[in-house]
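Asks: The chain contents come next:
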Amino acid sequence: MIECNDLMVCTQALEKGYDMGNSKLEVLKDINLHISKGKFIVLCGPSGSGKTTLLNLIGGIDRPSKGKILVAGQDLTMQNEDFLSDFRCNHVGFVFQAYNLVSTLTVAENVAFPMEWTRKPESEIGQRVTELLKTVGLDSRANHFPSQLSGGEQQRVAFARALSNDPELFLADEPTGNLDVKNAQKIIQVLQLLKSEGKTVIVSTHDLEIKQLADQVLCLEDGKLVDNNE
Amino acid sequence: MANWSITMSNAGFPINDLLRRKLQTTLTVATLTLSIASTLFLLFFSNRLELGIASSKGTLTLGLNGIFSQFIVFIGALIFIVGAVLTSFIVFFMMAQRTRDFGLIKAAGCPNSLVAGYFMTELLIVTFAGCVLGVVFGFLMDFAVSNVVFSGYQLPNFWFALLVFVAFFVLAIFFGLQPLLKTSRMSPMQALSPINYYGLTIGPKLKLLSRSGLIWRIASRSLLRRQSASLRIIILLSIVFILLTVSVTGGIIAKDTTTSWIQTPLDGNIIAIAHTNMENQYNLLLSKFSEAKETGDFNYSDPKIAIPEAVIQVLTSSPSVSVVDSRLVVLERLHEISNFTIDPDTSATLPVGDSREGDAIVVGVNPQKLVGEWSIKGRFLSGNGDLEAVIGDSVSQSIFYSHPSQFVVLSDPLVEGIRIQNTTFNIVGICVDPLNSGQVGYVPIDKLENATGITNPNLILIKLNDSTDRAADISQIKSIVQAADPDLQVFDLSGVVDHNVSFLSFTWQTIMLLPLFTLASAAMCLVGYMVLSVDEQHQEFAILRAVGAKPQIIIAISAIQGAIVLISSFAIGIPLGIIITLLILMTNPLITVFSVIDIAAWLSVALIGMFIFSLYPAFRLAKASILKIMT
Numbered sequence: 001m002i003e004c005n006d007l008m009v010c011t012q013a014l015e016k017g018y019d020m021g022n023s024k025l026e027v028l029k030d031i032n033l034h035i036s037k038g039k040f041i042v043l044c045g046p047s048g049s050g051k052t053t054l055l056n057l058i059g060g061i062d063r064p065s066k067g068k069i070l071v072a073g074q075d076l077t078m079q080n081e082d083f084l085s086d087f088r089c090n091h092v093g094f095v096f097q098a099y100n101l102v103s104t105l106t107v108a109e110n111v112a113f114p115m116e117w118t119r120k121p122e123s124e125i126g127q128r129v130t131e132l133l134k135t136v137g138l139d140s141r142a143n144h145f146p147s148q149l150s151g152g153e154q155q156r157v158a159f160a161r162a163l164s165n166d167p168e169l170f171l172a173d174e175p176t177g178n179l180d181v182k183n184a185q186k187i188i189q190v191l192q193l194l195k196s197e198g199k200t201v202i203v204s205t206h207d208l209e210i211k212q213l214a215d216q217v218l219c220l221e222d223g224k225l226v227d228n229n230e
Numbered sequence: 001m002a003n004w005s006i007t008m009s010n011a012g013f014p015i016n017d018l019l020r021r022k023l024q025t026t027l028t029v030a031t032l033t034l035s036i037a038s039t040l041f042l043l044f045f046s047n048r049l050e051l052g053i054a055s056s057k058g059t060l061t062l063g064l065n066g067i068f069s070q071f072i073v074f075i076g077a078l079i080f081i082v083g084a085v086l087t088s089f090i091v092f093f094m095m096a097q098r099t100r101d102f103g104l105i106k107a108a109g110c111p112n113s114l115v116a117g118y119f120m121t122e123l124l125i126v127t128f129a130g131c132v133l134g135v136v137f138g139f140l141m142d143f144a145v146s147n148v149v150f151s152g153y154q155l156p157n158f159w160f161a162l163l164v165f166v167a168f169f170v171l172a173i174f175f176g177l178q179p180l181l182k183t184s185r186m187s188p189m190q191a192l193s194p195i196n197y198y199g200l201t202i203g204p205k206l207k208l209l210s211r212s213g214l215i216w217r218i219a220s221r222s223l224l225r226r227q228s229a230s231l232r233i234i235i236l237l238s239i240v241f242i243l244l245t246v247s248v249t250g251g252i253i254a255k256d257t258t259t260s261w262i263q264t265p266l267d268g269n270i271i272a273i274a275h276t277n278m279e280n281q282y283n284l285l286l287s288k289f290s291e292a293k294e295t296g297d298f299n300y301s302d303p304k305i306a307i308p309e310a311v312i313q314v315l316t317s318s319p320s321v322s323v324v325d326s327r328l329v330v331l332e333r334l335h336e337i338s339n340f341t342i343d344p345d346t347s348a349t350l351p352v353g354d355s356r357e358g359d360a361i362v363v364g365v366n367p368q369k370l371v372g373e374w375s376i377k378g379r380f381l382s383g384n385g386d387l388e389a390v391i392g393d394s395v396s397q398s399i400f401y402s403h404p405s406q407f408v409v410l411s412d413p414l415v416e417g418i419r420i421q422n423t424t425f426n427i428v429g430i431c432v433d434p435l436n437s438g439q440v441g442y443v444p445i446d447k448l449e450n451a452t453g454i455t456n457p458n459l460i461l462i463k464l465n466d467s468t469d470r471a472a473d474i475s476q477i478k479s480i481v482q483a484a485d486p487d488l489q490v491f492d493l494s495g496v497v498d499h500n501v502s503f504l505s506f507t508w509q510t511i512m513l514l515p516l517f518t519l520a521s522a523a524m525c526l527v528g529y530m531v532l533s534v535d536e537q538h539q540e541f542a543i544l545r546a547v548g549a550k551p552q553i554i555i556a557i558s559a560i561q562g563a564i565v566l567i568s569s570f571a572i573g574i575p576l577g578i579i580i581t582l583l584i585l586m587t588n589p590l591i592t593v594f595s596v597i598d599i600a601a602w603l604s605v606a607l608i609g610m611f612i613f614s615l616y617p618a619f620r621l622a623k624a625s626i627l628k629i630m631t
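Protein chains in written order, with the working numbering: chain A, 1 to 230; chain R, 1 to 631.
Derived by calculation from the structure, the hints in this document are not laboratory data.
All values reported here derive from a predicted model rather than from experimental measurement.
Do not take every clue at face value.
What the hints assert, rightly or not - Lysine to aspartate or glutamate pairs mimicking EDC-like chemistry, simulated, CA-CA at most 20 Å apart: (1) R/478 - R/325; (2) R/463 - R/309; (3) R/22 - R/536; (4) R/628 - A/81; (5) R/628 - R/540; (6) R/293 - R/279; (7) R/369 - R/343; (8) A/37 - A/215; (9) R/550 - A/82; (10) R/550 - A/116; (11) R/623 - A/86; (12) R/550 - A/86; (13) R/550 - A/81; (14) R/623 - A/81; (15) R/628 - A/26; (16) R/369 - R/291.
The following block holds chain A by itself, in its conformation from the complex (with noise of 0.2 Å):
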């Protein structure tokens, strides 16, 4: 038996279905998943395999049908909303496919909010945006919104509000998947920095270059892991 305290992540017999009227679409099968602080993962595996949800629930942003989940010394299986809520702003950064700013906002301001969420004060907040913003080169763009930036741009502001509370764990959904060559690169880059300052990271990919960063490959296949390489 593995300790789970230790871990960045730990689940135990995670189970994820939906029910889709009389019957039930199973997406993730008996998950056992032990993953050391500071490590880097890359999620594989064909669409549909499962691994957006299992990011999902590794993120607290979706809950598990059965079985057991802890992050970063927290269990998540039975928590209500608002632990969550401040478990995704304390202990989580999450970038999805979909870039996902708040179009409303500028760019500085997307990347500010989750550290008002966790009410840091006003001289700290535009430090660490101007200190993120240059790390992924749009500094120039702060007072632009999400509608001005080219899909690259857009996902280097996610990436920037995701480390915005330099979280423990740091989660990306296919974060190359619509992006060209040279905005990929760039985002590949923010990855080499994270994994050398030594946060733990899950990125699931099929990008090449990015699985070359990996400490561990993870492949999901109708729901279950399939293949575990450390």
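Got chain A sorted already, so can you dock chain R onto it with the hints?
Replies: Coordinates of chain R only, in the frame set by chain A:
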């Protein structure tokens, strides 16, 4: 065989689409229903009160009927306008939600005419359902209220139902077709763009409130982005608040004012003395205001009901009596005495009035010794011996009305006269009086005695001095009066006056149901807007939730948006409503502290109620899982 269908029949798609959007469909139908039901109920109700048609055999006075009529016609017009704007908004809202689907279906290769057919069918189904339900609810409301107010139900005028049904159906179809036609002319890409289906601006150039809180920033910027929908809802709610203010403020002020008109002629510490038969008759005349009763044949000149001078003398010297108001009440034929006036433009002589006539109760009074006062247009009798008369508002409207088809172009009682028997009186005032439902005239008692040949009064009203023991005072007066004449009765008028006031209040209260209807319509409309607002922002709410915002944040953003819309509409609607009420609906309004408190309470409850209602879609969204919102 598979138990599912993949084809979209002409009727199948619209029905399924409507059924799968339960909240939106219910809101649309419910709002149309409320709008139509309230309009129809109003028409039925005013018809039942015979307002605007003026009935001499009904209750109230014709002057008060006129006020009710003016009030209800104005509210009716506003309700009709609100109905039109509401219908426009609701169908616009419904079709705006379909724009993206329209684009998707077109993009998949479906012919434009077929897609337009689907959505036209939806529009027809929703509009027809709303109109039918509205008419049904209008009838039900009329049935319920009629049974309470009129103590019995008679079938209403079905033409009103037909008129409302056709007018609103046509109106809804007309407004619903506008966004539909606009969408059908767009390319699929345009129809799929949020800029079109939400009327968004490209990006908020106005960076106001940037130093304010994050929640406030998101809420206010989203409102600015949805300029078209936001402006539309503010205009609609402003009209609703004008209507609400006119209904509430006008209703309360008019109620207080008209109640005072009914109370003041017999207000205060007043008791009456008359022969038993005259007592019954006078009570009957007073209660005609609230109950349609026949006064029957009564001999007012019967010497048996005359009050001896000795009784008046005794009462005048009584220490508990403040004023002794001797009256001679008779039923007389009033003859209109026409007059002439000079046209200021042409200097031509114009005839005023005709030679019409009618029966009325004529009361002879001593203008120097009156127990009450009247709300009067013109003035009351001067008491200097002139042949003057004041007529009730019902006499004014039943005899002295302009009727061009009968060649009575000009008619103005205040420049005309009346003849009673062989005596002609100049009309100096028109009063509101509940006696005989306003079919009444007042002349100096000595002139009436001369005209009729009756020498003694047949009714005495006395005003008692303020005393701690009213019952003892009345008892003392009873003994004085009966010692002088055992057939005389002392009776208290407060019962019949209170009954009249209650009737008037109840009538106003019934009319005040209209603001409730309007409020319900407005609340539904606001919820509709908030559904649109939340729907448009659902993706962003999901993002906020995903990065750590608690559900309360979503509710707070929606609450701020709802509050901005409501307060903007309130700020426009309330002052305009008050101005309209005071300038147009009521002359010489009676405004008391209690009226103001009453009005403030009504409007506050309306604002708070609507605000709470508006949060429903946000609460619903906040309870949903993030993934459900995102997808």
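Asks: All hints are to be evaluated individually against the structure, with a verdict given for each.
Replies: So, going through the hints one by one against the coordinates:
no.: 1; hint: R/478 - R/325; result: holds (17 Å)
no.: 2; hint: R/463 - R/309; result: holds (18 Å)
no.: 3; hint: R/22 - R/536; result: holds (17 Å)
no.: 4; hint: R/628 - A/81; result: holds (14 Å)
no.: 5; hint: R/628 - R/540; result: holds (13 Å)
no.: 6; hint: R/293 - R/279; result: holds (16 Å)
no.: 7; hint: R/369 - R/343; result: violated (39 Å)
no.: 8; hint: A/37 - A/215; result: holds (11 Å)
no.: 9; hint: R/550 - A/82; result: holds (6 Å)
no.: 10; hint: R/550 - A/116; result: holds (13 Å)
no.: 11; hint: R/623 - A/86; result: holds (17 Å)
no.: 12; hint: R/550 - A/86; result: holds (8 Å)
no.: 13; hint: R/550 - A/81; result: holds (7 Å)
no.: 14; hint: R/623 - A/81; result: holds (9 Å)
no.: 15; hint: R/628 - A/26; result: holds (17 Å)
no.: 16; hint: R/369 - R/291; result: violated (30 Å)
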